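Chemist: One-letter residues, chain by chain:
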Amino acid sequence: QQQVKQSPQSLIVQKGGISIINCAYENTAFDYFPWYQQFPGKGPALLIAIRPDVSEKKEGRFTISFNKSAKQFSLHIMDSQPGDSATYFCAASEGYGGATNKLIFGTGTLLAVQP
Amino acid sequence: ETGVTQSPTHLIKTRGQQVTLRCSSQSGHNTVSWYQQALGQGPQFIFQYYREEENGRGNFPPRFSGLQFPNYSSELNVNALELDDSALYLCASSPGPFYEQYFGPGTRLTVT
Numbered sequence: 041q042q043q044v045k046q047s048p049q050s051l052i053v054q055k056g057g058i059s060i061i062n063c064a065y066e067n068t069a070f071d072y073f074p075w076y077q078q079f080p081g082k083g084p085a086l087l088i089a090i091r092p093d094v095s096e097k098k099e100g101r102f103t104i105s106f107n108k109s110a111k112q113f114s115l116h117i118m119d120s121q122p123g124d125s126a127t128y129f130c131a132a133s134e135g136y137g138g139a140t141n142k143l144i145f146g147t148g149t150l151l152a153v154q155p
Numbered sequence: 262e263t264g265v266t267q268s269p270t271h272l273i274k275t276r277g278q279q280v281t282l283r284c285s286s287q288s289g290h291n292t293v294s295w296y297q298q299a300l301g302q303g304p305q306f307i308f309q310y311y312r313e314e315e316n317g318r319g320n321f322p323p324r325f326s327g328l329q330f331p332n333y334s335s336e337l338n339v340n341a342l343e344l345d346d347s348a349l350y351l352c353a354s355s356p357g358p359f360y361e362q363y364f365g366p367g368t369r370l371t372v373t
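These protein sequence lines are chains A and B, in that order.
The first sequence begins at 41 in this note's numbering and counts up one residue at a time.
The second sequence begins at 262 in this note's numbering and counts up one residue at a time.
Looking at chain A on its own, in the form it has when it is part of the complex (with noise of 0.2 Å):
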């Protein structure tokens, strides 16, 4: 109950194009759903992140999808670049709802954006 689950574990598209990412949960009451992106060899930075109370969030080319009902939200990068050739993780956490705001994550999509 306490996983997320990711996909695809990898993706490859061209530039320009539109990167989707998935993930669903099974816990309820997990309110806090943050992106993070990872290089190689380098910490996951903080993305974007919603709550359960809006169904969407758009920050520059990043959007969050949001679908409480059916426990999924998605990452979608719009018009990707090569730069943006990473490997994503989703994660969720319970924030107030729990004793500690610890982040489960998924198991990461590889991102390779071809020029």
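No wet-lab data here; the hints were simulated from the structure.
Owing to the predicted nature of the structure, the values given are computational and were not obtained by experimental measurement.
Hints should not be assumed to be uniformly reliable.
[Said to hold, decoys possible] Per the computed footprint, the stretches of chain B lying under chain A, defined by three or more beta-carbons under 8 Å from a beta-carbon of chain A, are:
1. 276-289
2. 320-332
[Stated by the list, open to error] Computed list of chain A residues with no C-beta within reach of chain B, every gap over 12 Å:
3. LYS55
4. ASP71
5. GLY100
6. ALA110
7. LYS111
8. HIS116
9. GLN121
10. GLU134
11. LEU143
12. PHE145
13. GLY146
14. THR147
15. GLY148
16. GLN154
[What the hints assert, rightly or not] Have a look at the derived ranges for each label pair, beta carbon to beta carbon:
17. ALA152/A to ALA299/B: 20 to 30 Å
18. SER109/A to PHE330/B: 23 to 33 Å
19. PRO331/B to LYS98/A: 17 to 27 Å
Glycine is no exception: its CB is placed at the ideal position from the N, C-alpha and C atoms.
We have chain A already, so just place chain B on it with the hints.
Modeler: Relative to the frame of chain A, chain B by itself:
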């Protein structure tokens, strides 16, 4: 404003030894969380420290322990190292237990 820093960058230890990893939190952040990231996997929560007290622990054995100091920097100690402890150890700081977490670059630990 400096970000989260970790030391050392890389470390090689022998099975059975002990190791201490260090983390300096971002300015203004009083909460530090530690994660273990095995190769090709997502980070796994080890524990969190808030105002020098442990504030939650993941599914890790007691040989994983930590400290948080008055300046909110933190240490992760691992005793009796095992080969499976080889991983990237990440520290994340936040302004409080329920705020966004910002990660440091990590310490790559190799146990031989």
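Chemist: Hint by hint, where does the structure go against what was stated? Just the numbers, ascending.
Modeler: Violated: hints 1, 2, 4, 10, 11, 12, 13, 14, 15, 18 and 19.
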